[in-house]
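Number of protein chains: 2
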Amino acid sequence: MDAKTALGVAQWCPGDVTGELRFPGAAVSTGAPAMSVAQAAAAGAGSLLIGIAPPGGRLPAHWLPTLVEAASAGLDIVSGLHTRLGSFRELVAAAAAAGVNLHDVRHGDWPRVTGTGRKRTGQRLLTVGTDCALGKKYTALALARSLQARGVPATFRATGQTGIMISGAGVAIDAVVADFLAGVAEQLSPDNAPGHWDVIEGQGSLFHPAYAGVSLGLLHGSQPDALVLCHDPSRTHLDALPGFPTPQLADAIEMYLQAARLTNPAVRCIGISVNSSSLDGAAWRAYRARLEAELGLPVADPIRGGVEALTAAITTNKENLS
Amino acid sequence: MDAKTALGVAQWCPGDVTGELRFPGAAVSTGAPAMSVAQAAAAGAGSLLIGIAPPGGRLPAHWLPTLVEAASAGLDIVSGLHTRLGSFRELVAAAAAAGVNLHDVRHGDWPRVTGTGRKRTGQRLLTVGTDCALGKKYTALALARSLQARGVPATFRATGQTGIMISGAGVAIDAVVADFLAGVAEQLSPDNAPGHWDVIEGQGSLFHPAYAGVSLGLLHGSQPDALVLCHDPSRTHLDALPGFPTPQLADAIEMYLQAARLTNPAVRCIGISVNSSSLDGAAWRAYRARLEAELGLPVADPIRGGVEALTAAITTNKENLS
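Taken in sequence, the protein lines are chains A and B. Just so it is clear: in the first sequence, position 239 is 238 by numbering that gives the first Met the number 0, and no numbers are missing. Just so it is clear: in the second sequence, position 258 is 257 by numbering that gives the first Met the number 0, and no numbers are missing.
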């Protein structure tokens, strides 16, 4: 789960990935060819991208020699961690000597403004979750692409380091000073044309004891017209938190709608996005049919069949939602 | 309302206030004698404390000459704004030349940790509100003092700049990077003796489109056993936000309890703290009687009669709450 940055970039920007640098004992691979720093430089790689996002976002000290080696070999360093690359003198010196850049995508230069609650023009969709790290970014990327394929103007709005690396823009909302959470979220999807959809990547979960504040500030600032709830049926409790059971989907929908109504009373949940990797084909079809009947909403797995059922719900309801 | 830092320090630390420096046209006074920087220095003042907290927490540029004058006159500068005093070269130079210190109380050195949701020992009370700036800090200070007067071990835990200036400790929770909101709130009231009460100053409001994320992160990290809801009956809508009506008290209690149960299923609302300055004596007594009957909870105005009714509810319910 901590390798989601590497996996996301490999999935959504495969043409940009030259190879993969793995430490001994690495449990996860993107499937890209294994390369040393020297091999990557020789193969024409332009950057070393840190693909791991440990909880708390700190850079482990034992990674530093590899980063220095990469900078010295002429590679930019791209990081989405809270720790700033520029805080390591050795790395700054190596980058300066080699003439390469250090990119801290989690630290943008967003205006420090507080939220206003002012209603903006255009349509907005936010992906939300019963837990962290179960498909909110993937679902938002897939929805934006699917809307665009139907000729609906849509923009993916990244709120995390991986989404920023994939799309080239956005804000790492969890790195914003708390006072400006909703204000920066408001800036992320400014006034837009009436038929345009901003598809905003959700963060955290309202049900998570560490991150619910971030989720709520993003929800209020995004003022979504539509929510898509993301879920993984294999999680009976939150990841790494056995004391925190995963909420029932109907309860989660109601909680998200209740919170979202503060800045958009017309908000609706238009469907469920499921990470069904724990289910075989028959189990997934049965689970999907049961959920659709229970909730009266379309249910899709973006990886297993795509998000067309959700996109259809967005475009069908467009008049109602506007 | 923006002068709440000055008013809070004058109210709770009157022995520490030498005088008041007012700009022309100032609408509010703490009642302390008016003094120029030179007069204050001559009268033995040790610091110039910035008593205004504008929304967004930025330092207006036209204040700088006065701050430089104060530093040059030998006064420390104490600020609770987001803007760091150290970001003004002229002021840094003046402070260095005069040998005085610049104190940015909003920027503490708290560990950057994410929340765990782990239940801690000891009892916790959090003040929450239907809006911002209506008595959460004052109520918490009064409750801590009242508990101590009854012989109940209690500690006020500041979460904003004014509370930190008054109590000499705490964290400006709205200045924390959003990822660490709940984690830092957990650190603020660590494990304590079973009979001890941490009385935690609330921030913002779950109903505020700019600050609800901060309020929720603080609520989850505080894992309160008891909530006191603060309210001002003169506000029909949130301060400066006509489009956002103030919630009904019963709805507000239910929303806060629902959110707080995530990290403490045993949480209770033990009473209401009212800022009744808009009501005359008879209207206040009638309002209090009606609320107490409607909600089945004690109602108090800390300034008009004190918080004994709330303290009694805390100590009476102590066994139930533990």
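Because the hints were derived from the structure by calculation, they are not lab data. Please read these numbers as outputs of a predicted model, since none were measured by experiment. Take the hints with a grain of salt, since some may be wrong.
Partial pick of chain B residues on the chain A-facing surface, computed with a CB cut under 10 Å [to be verified]:
(1) Glu185
(2) Pro189
(3) Phe206
Quick reminder that beta carbons are idealized off the backbone N, C-alpha and C, glycines included.
Checklist entry - Does the nearest C-beta of chain A fall within a distance shorter than 10 Å of the C-beta of B:Glu185? => result The hint holds - B:Glu185 has a Cβ within 10 Å of chain A, the shortest such distance being about 9 Å.
Next on the checklist: Checking hints one by one. Is B:Pro189 an interface residue toward chain A, by the C-beta closer than 10 Å rule?
Outcome noted: This hint is violated: B:Pro189 lies away from chain A, its Cβ roughly 16 Å from the closest one there, beyond 10 Å.
Item to check | Agreement of hint B:Phe206 with chain A interface, Cβ distance less than 10 Å | outcome: Holds - the Cβ of B:Phe206 comes within 10 Å of chain A, reaching about 7 Å at its closest.
Violated hint for the displayed structure: number 2, the only one.
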